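Asker: My request is simple: use the sequences and hints to build the entire structure.
Now for the letters of each chain:
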Amino acid sequence: MRNERNVPTMKRLEASNHQRNVGGLCQIRHGISVIRRDKLAGYSLDMPPVLAPDALGLGLRTAHYRELLASWPAVDYFEIISENFLGEALPARYHLDQVKERYPIVLHGVGLNILGPAPPEPGYLDRIAWLAEHVNAPFFSDHLCWTGAHGYSHHDLLPAPYVPELVELVAERAALVQKHVGRPFGLENLSSYVELGQSTLSEWEFYAAVVKKAGCHFMLDVNNIYVSSQNHGFEPSQYLDAIDFPRVLQLHVAGHTREPNGTLIDTHDQPVSDAVWQLYRSAQLRAPRPTLLEWDDHIPPLATVLGELDKARRHRV
Amino acid sequence: MSWPASPAWLEELQARFGDMLRTPLERSSGSLRAKPDAYPSALLEEALPTPNLTSGERLAIYNRQYWFRLFTVLQRAYPLTARLLGYWRFNEHATHFLLARPPRHWSLDEIGAGFADFLAEAAGNGNALVDDTRPDLEPDALLEAARIDLGYHQVFRAPPVARYEPSAADAGRLLQARLRMSPAVALLTEHWPLCELRRRALEAPGEGALRLEPRLARPRHWLLGREGLKLGLVPLEPRELQLLMLLSRGTVEAALGELEEACRSAGTSQELVELPANIQKWLASSVQRGVWRGADFAP
Numbered sequence: 001m002r003n004e005r006n007v008p009t010m011k012r013l014e015a016s017n018h019q020r021n022v023g024g025l026c027q028i029r030h031g032i033s034v035i036r037r038d039k040l041a042g043y044s045l046d047m048p049p050v051l052a053p054d055a056l057g058l059g060l061r062t063a064h065y066r067e068l069l070a071s072w073p074a075v076d077y078f079e080i081i082s083e084n085f086l087g088e089a090l091p092a093r094y095h096l097d098q099v100k101e102r103y104p105i106v107l108h109g110v111g112l113n114i115l116g117p118a119p120p121e122p123g124y125l126d127r128i129a130w131l132a133e134h135v136n137a138p139f140f141s142d143h144l145c146w147t148g149a150h151g152y153s154h155h156d157l158l159p160a161p162y163v164p165e166l167v168e169l170v171a172e173r174a175a176l177v178q179k180h181v182g183r184p185f186g187l188e189n190l191s192s193y194v195e196l197g198q199s200t201l202s203e204w205e206f207y208a209a210v211v212k213k214a215g216c217h218f219m220l221d222v223n224n225i226y227v228s229s230q231n232h233g234f235e236p237s238q239y240l241d242a243i244d245f246p247r248v249l250q251l252h253v254a255g256h257t258r259e260p261n262g263t264l265i266d267t268h269d270q271p272v273s274d275a276v277w278q279l280y281r282s283a284q285l286r287a288p289r290p291t292l293l294e295w296d297d298h299i300p301p302l303a304t305v306l307g308e309l310d311k312a313r314r315h316r317v
Numbered sequence: 318m319s320w321p322a323s324p325a326w327l328e329e330l331q332a333r334f335g336d337m338l339r340t341p342l343e344r345s346s347g348s349l350r351a352k353p354d355a356y357p358s359a360l361l362e363e364a365l366p367t368p369n370l371t372s373g374e375r376l377a378i379y380n381r382q383y384w385f386r387l388f389t390v391l392q393r394a395y396p397l398t399a400r401l402l403g404y405w406r407f408n409e410h411a412t413h414f415l416l417a418r419p420p421r422h423w424s425l426d427e428i429g430a431g432f433a434d435f436l437a438e439a440a441g442n443g444n445a446l447v448d449d450t451r452p453d454l455e456p457d458a459l460l461e462a463a464r465i466d467l468g469y470h471q472v473f474r475a476p477p478v479a480r481y482e483p484s485a486a487d488a489g490r491l492l493q494a495r496l497r498m499s500p501a502v503a504l505l506t507e508h509w510p511l512c513e514l515r516r517r518a519l520e521a522p523g524e525g526a527l528r529l530e531p532r533l534a535r536p537r538h539w540l541l542g543r544e545g546l547k548l549g550l551v552p553l554e555p556r557e558l559q560l561l562m563l564l565s566r567g568t569v570e571a572a573l574g575e576l577e578e579a580c581r582s583a584g585t586s587q588e589l590v591e592l593p594a595n596i597q598k599w600l601a602s603s604v605q606r607g608v609w610r611g612a613d614f615a616p
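As given, the protein sequences belong to chains A and B, one line each in that order.
When we follow this note's numbering, the leftmost residue of the first sequence carries the number 1, and every step to the right adds one.
When we follow this note's numbering, the leftmost residue of the second sequence carries the number 318, and every step to the right adds one.
By construction, these hints were calculated from the structure, which means they are not laboratory data.
Wrong hints could be hidden among the right ones.
Claimed, not checked - Here are some chain A residues the structure puts well away from chain B; computed CB gaps all over 10 Å:
#: 1; residue: 102
#: 2; residue: 242
#: 3; residue: 306
Unchecked claim - To spell it out: a stretch of chain B is covered by chain A in this simulated footprint if at least three of its residues, at any positions, have a beta carbon under 8 Å from a beta carbon of chain A; those stretches are:
#: 4; stretch: 333–341
#: 5; stretch: 366–378
#: 6; stretch: 419–427
#: 7; stretch: 471–478
The structure displayed is predicted, hence computed values, not measured ones.
We put the CB at the ideal spot given by N, CA and C, even for glycine.
Answerer: Listed below in structure tokens is the structure:
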């Protein structure tokens, strides 16, 4: 699992040996483009200058540091787990600073606890804002869930009942978070393994209502839609139909595992399933969006992960 | 920032969910199994079943994930301790620790902070840390292993620290100063060849228990430090270790006095003769190795 606000200092992404500048875009070797960092200036929270719609990114993982620093592969951008870089540990900072000189970076958090009973720990959002500024992230995201309560941190992404009362609550909180950090904020849908009887809305109705009311964005995890659809018995295309795609900052894809009792678990420990790629294709048909591959356990060599990411290209329209 | 309050009913639901997550896994069958019967009954009613799974079976997925995630975090933070015991026994200690001190911080790095002390307290309270089937593994060796793991964890996670280099002005008043130890170093002592075993455990990951080699004829002392991003051990002489520990606790003058007294008490005249030169050598090398990050001078 999967650790400070102002006008960002805009810095041109240095063209490395696999990049050339073309008309305001950094054109990557194999033809994928991302918006150049100096094009991020002056963005608004409502209409962020997101990564180019066809950008393909990877979750930055320590298992790949050595290969990454030795080869600087053709990847459009990296996503970091925010909490892993909020502390002062030298190894994390060193690697992050190396990567940020060569690639755009977006932040993905797991500790906001937006549905928890307590506000974020003092300073937590300031540190997220500082990190976003440090890497000049075009956006940041976290999960539509709770992760702890009553002083305990459960270190898991936990579901809540989907009711109108909580739409109001989470939307207000998400708007505060986005304003405090000062960058576009994406909320990610969960993989879940249980439904709660208090719910009166479907997950997608709840999710869409929160994003709309908050004025924030979707960080849409396609694998999570599929996993939850299998666990709870809904049609995943119904979920996609509820999403306002112009407000999607990014799509996530990842692998999952089927347990002997039939439950799908969001393990991020293997290739993306064919069914998820089909759903991904369906999402891309609605509107192309930057795509990020997550691989967090039993992590193979970087070349294997890059090969998996490349499949996204084949599943586009 | 005014954070809107949660409704009471949600907080109550989350309290029940948290109780469910912390319900320990059953070990008696020889594997770790969830016990849905032990979950709060109200939560079992709130969670919906499927045609294939009861509500308890669905909640058990979260219960198992909670424990296995935390076990993994502790195994990674304490790799030597975990392999000395083997994961099965280690997870039992981890369960007791996590029940006594459930995670309260968003950072996974914080979870294992008190584990070495917890094991020491458990041993102090007469709890058996090691099975009877492990005559090779003395409890003191396990506690030493936990402290070594903790040292590695802390040094690896330390922020970048500038090395203290005394100026000419500092030199004249250093006796009254108190040196501040860098968080990027740790002083380790081993009575068993634990540091070497730790290196081997990391090179050959596994879950089974590693055999501990016999106790050393004499303890070994190490300075664990960081060179770039890599951690390394530098051997220390016993008096050198003692000096560094004394320096980290009091003024330079007091430390030197205590060290001299210790040598005098030991009754080795040769050591006393060589002590001034050795102190110069040890102090110089400690500065050169980045043991200190600063000095506090008396006003």
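Asker: Could you run down the list of hints and mark each one as holding or not?
Answerer: Verification of the hints:
1. Every CB of chain B lies more than 10 Å from the CB of residue 102 of chain A, the least distance being 18 Å, so the non-interface label holds.
2. The beta carbon of residue 242 of chain A is kept farther than 10 Å from every beta carbon of chain B, the shortest such distance being approximately 21 Å.
3. For residue 306 of chain A, the condition that its CB be more than 10 Å from all CB atoms of chain B holds, with the nearest at approximately 24 Å.
4. Here's how the stretch 333–341 of chain B fares: 4 of its residues keep a CB closer than 8 Å to some CB of chain A, so the rule of at least three is met and the hint holds.
5. Look at the stretch 366–378 of chain B against chain A: 8 of its residues bring a Cβ nearer than 8 Å to a Cβ of that chain, three or more, so the hint holds.
6. For the stretch 419–427 of chain B, the stated coverage by chain A holds: 8 residues have a C-beta nearer than 8 Å to a C-beta of that chain, and at least 3 were required.
7. For the stretch 471–478 of chain B, the assignment as covered by chain A holds, since 5 residues bring a beta-carbon within under 8 Å of that chain's beta-carbons and 3 suffice.
In this structure, every one of the numbered hints holds.
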